[in-house]
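Residue numbers (numbering that gives the first Met the number 0), protein chains in the order written: chain A, 0 to 507; chain B, 0 to 507.
Any given hint might turn out to be false.
Identical copies go unnamed one by one, so any copy, or any two together, can satisfy a pair.
To be verified - Simulated crosslink set (DSSO-like; lysine-lysine; CA at most 27 Å straight-line):
id: 1; residue 1: 321; residue 2: 174
id: 2; residue 1: 412; residue 2: 425
id: 3; residue 1: 273; residue 2: 199
id: 4; residue 1: 88; residue 2: 273
No lab work stands behind these hints: they were computed from the structure.
Number of protein chains: 2
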Amino acid sequence: MAWVGNLIRFSAIKSASSPSITAKPLILTTSPNFLFSSLSHFTTDASLHNHNRSSASPTQYGGLGPTKPKEKPRVVVLGSGWAGCRLMKGIDTKLYDVVCVSPRNHMVFTPLLASTCVGTLEFRSVAEPIARIQPAISKEPGSFYFLANCTGLDTHNHLVHCQTVTDGYTMDPRKFDISYDKLVIALGAEASTFGIQGVKEHAIFLREVHHAQEIRRKLLLNLMLSDVPGISEEEKRRLLHCVVVGGGPTGVEFSGELSDFIMRDVRQRYAHVKDYIHVTLIEANEILSSFDDRLRRYATKQLTKSGVRLVRGIVKDVEPQKLILNDGSEVPYGLLVWSTGVGPSPLVKSLDLPKSPGGRIGIDEWLRVPSVQDVFAIGDCSGFLESTGKTVLPALAQVAERQGKYLSILLNKIGRAGGGHAYGAKDVELGDPFVYRHLGSMATIGSFKALVDLRQSKEAKGISLAGFISWFVWRSAYLTRVISWRNRFYVAINWATTFVFGRDISRI
Amino acid sequence: MAWVGNLIRFSAIKSASSPSITAKPLILTTSPNFLFSSLSHFTTDASLHNHNRSSASPTQYGGLGPTKPKEKPRVVVLGSGWAGCRLMKGIDTKLYDVVCVSPRNHMVFTPLLASTCVGTLEFRSVAEPIARIQPAISKEPGSFYFLANCTGLDTHNHLVHCQTVTDGYTMDPRKFDISYDKLVIALGAEASTFGIQGVKEHAIFLREVHHAQEIRRKLLLNLMLSDVPGISEEEKRRLLHCVVVGGGPTGVEFSGELSDFIMRDVRQRYAHVKDYIHVTLIEANEILSSFDDRLRRYATKQLTKSGVRLVRGIVKDVEPQKLILNDGSEVPYGLLVWSTGVGPSPLVKSLDLPKSPGGRIGIDEWLRVPSVQDVFAIGDCSGFLESTGKTVLPALAQVAERQGKYLSILLNKIGRAGGGHAYGAKDVELGDPFVYRHLGSMATIGSFKALVDLRQSKEAKGISLAGFISWFVWRSAYLTRVISWRNRFYVAINWATTFVFGRDISRI
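With the rest of the complex left out, here is chain A (with noise of 0.2 Å):
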């Protein structure tokens, strides 16, 4: 460590205008000519700016051509959610490079992503970069991570075709082609809206670090605004009525740390308006179907305890500050969040591939999409074709998790045996098929409270665990999971200091 020898370098000195320190000076003298360097390397040549560019369309520029049979084959990602990062975390990198293109350099630990939204955790303990999962990326020569959107694919010339993300400034968008020996497409799924107007306008969706951003930032917003001398006792309710539509885990897992939020925090430090806040949770059936019965009933009565109001109700239109349910009555709030399942994105649906029951791109038990070479395909983007006689499996991150895991190890097979390259695979024999075995299903519910069904499936028997202890397990399961050290030690330590000092308000 070269600073510990600066460790004595230290002085007590004279003023600098003192002649005789100025002769012998402590620290030391630089000659004014050599500190101000020379600009040197950049030209002002015009010429060279001169990129045959054109801002109205993205520049087609080169891309990473084909492998040639003596280097490593290649194996691209699309996508950065639990199946992409795992497959990419268990890849050997001695076989493959792997390059990976997604719009966002880090994996989002999904199941902790609603307690960032009122601070019980932060939002850079719940995501990972890709670098950390798969070093590999940022340090070998032949793998990449590129901040891009896959928009097309090629699978008879083996290509694919992306455009960088810029968020509108720096740079035009770029356009690239990236030729593979195996494709992975992980590219997850989209929100559904089931078509209702004004839900992509007025609601926040709870899938990325950016919408949990905007709801902290939002809920805030509406708890100081409501302060505001001269508000109407109905304004006030309205900016403070939270609603959140869609009972599945994710919807009641945030609604009840709001109203964790509500109870231990607001009460104190937004004593002025406490009593105007209110969560409502509407959804079409019933809450947390996929749970066991009774779960569900317990869910219910502590939700309601906690203050959560649960409307049965299927939302019609979204306004600016009310949704109109089906029935005609009006709920006006200050913030919609929305959680009513996920469906295939546009870019799924587009592609030329065979599709599973629901849209989803078709896969065998191998989790190849057949009728094309080396194209693979996992998490919520991909489905059990019906030839294969399986049921299509829910969107879930277990399901994703092991489908990574399981895609890893059988192209960590296909290069030991020599088929890593394009059209590489057609002789290596690939073994098991992929079977899925569910291990539960965990949701909190707020008050130190959570759920855990262990039943392998809705008609199967099986442990179910509510109240405190399934609280713990579902904490400590999570911390194990949660990928790097560090971010399992910053997991720990967003819980303490939410525990002590209570959640951080600052709106920044």
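Once you've looked at the hints, dock chain B against the given chain A.
Just chain B, lined up with the frame of chain A:
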């Protein structure tokens, strides 16, 4: 703790379809009719929503009227920087109600802000909510924090005009007035651009948390974009050229943090582009001009050693991808940070109050604004009037903090003497005037090195330190100054994790 009762409430249950279990539910049952309550507290009567509003101009609402003689007098504080927050912390809330008006609900711990741009520290660790600094704000019935801007003063009627900050959503901005007994103007200053074209559009300042967030996002974006296939060498160099204009402590600290980030993190995690990233610090005169000559030379040498190019130059024009210096040379950049000092904000300029040299609000030795009653000004927005014979103090956190503390003691004294109400302080003996004693300056320069200049002024004699010991002194000094224990704890944790795991590179 109510949840302890749930500790043992768990059960191993069989499938819900088993009739023997359904008959004796182990957890609990609730009638569905009971579960789904109605939304009776909402009315669908349109007339109630028909506030007399116009979206074109903010609605004028009521506000807080004058306090009555038997009520606690009200201190209105404009701003939530070092001066305003230190004042609020010191105000005796048994004597006064405190009302704070500011567009942000937290104080930014500015000396550590540069560290958050590259992830050495987290954003929340340097933001202290006002409600944690002065808990009465959120609890006392007469104390408030308003998320609003001051738009003008009516000193004749002891009134502050305000308008809510709404970020453009949820509701239209609203106007309201607040009557004050004592008014403390602590509005701070604004980054100066010297009228140079393009600075506001293309450069990022470094004064608020959202600035640091933007810098971090843009830096990570550029690192990723420069890795896209087909990008020219020239473009790569531009994207990864970080230019800092202004060689004061903020500019130097940010440059130091940036070069630390490059040396420790970029080299490892962005191995593909590590040779393209450079930092240039542009300063018209010399860097750290307020520091001891020898410390300055030491800083110059250290920064140069860690790869920061120091360029002497004056910026003439700023374009989206390059800036132009006075001598005509062009400097392409990917990230431009501007920190060339501060000047009075448009609001401060517009106030019809006496002004100090430099256009700040003029104050006397007791920090009062003469010619009006019950108005005080502290921090960067204020300066001693020429008539006091004192020089205007530098725009430093140290000055603001000291003035806030002094004024809180003065106001408490006035309050105890019964002079808290408007026009009530005329006969109160104010005691000693405010005297500023400079305790020294500190600046970190990266690589575990910092400068500490303990001289009271540029001409005085005193102690100067440079190197690791100073870095240690600097870190410790700041750790004990971060206001809450929560944030002290988080700063220490952040530093420790940065040291162990490196900086986080999730772009969220």
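Here is what the structure says about each hint:
1. For the identical chains of this complex, residue 321 and residue 174 are inter-copy neighbours only, at 24 Å across copies versus 41 Å inside a copy, given an alpha-carbon limit of 27 Å.
2. Within a single copy, residue 412 and residue 425 get their C-alpha atoms as close as 13 Å, which meets the 27 Å cut-off; across copies the closest is 88 Å, which misses it.
3. In this assembly of identical chains, the alpha carbons of residue 273 and residue 199 never lie at most 27 Å apart, being 29 Å within a copy and 40 Å across copies at closest.
4. Taking identical chains as interchangeable, the C-alpha atoms of residue 88 and residue 273 lie at most 27 Å apart only when they sit on different chains, with a minimum of 24 Å there against 46 Å within one chain.
In this structure, only the earlier hint numbered 3 is contradicted, and the remaining ones agree with it.
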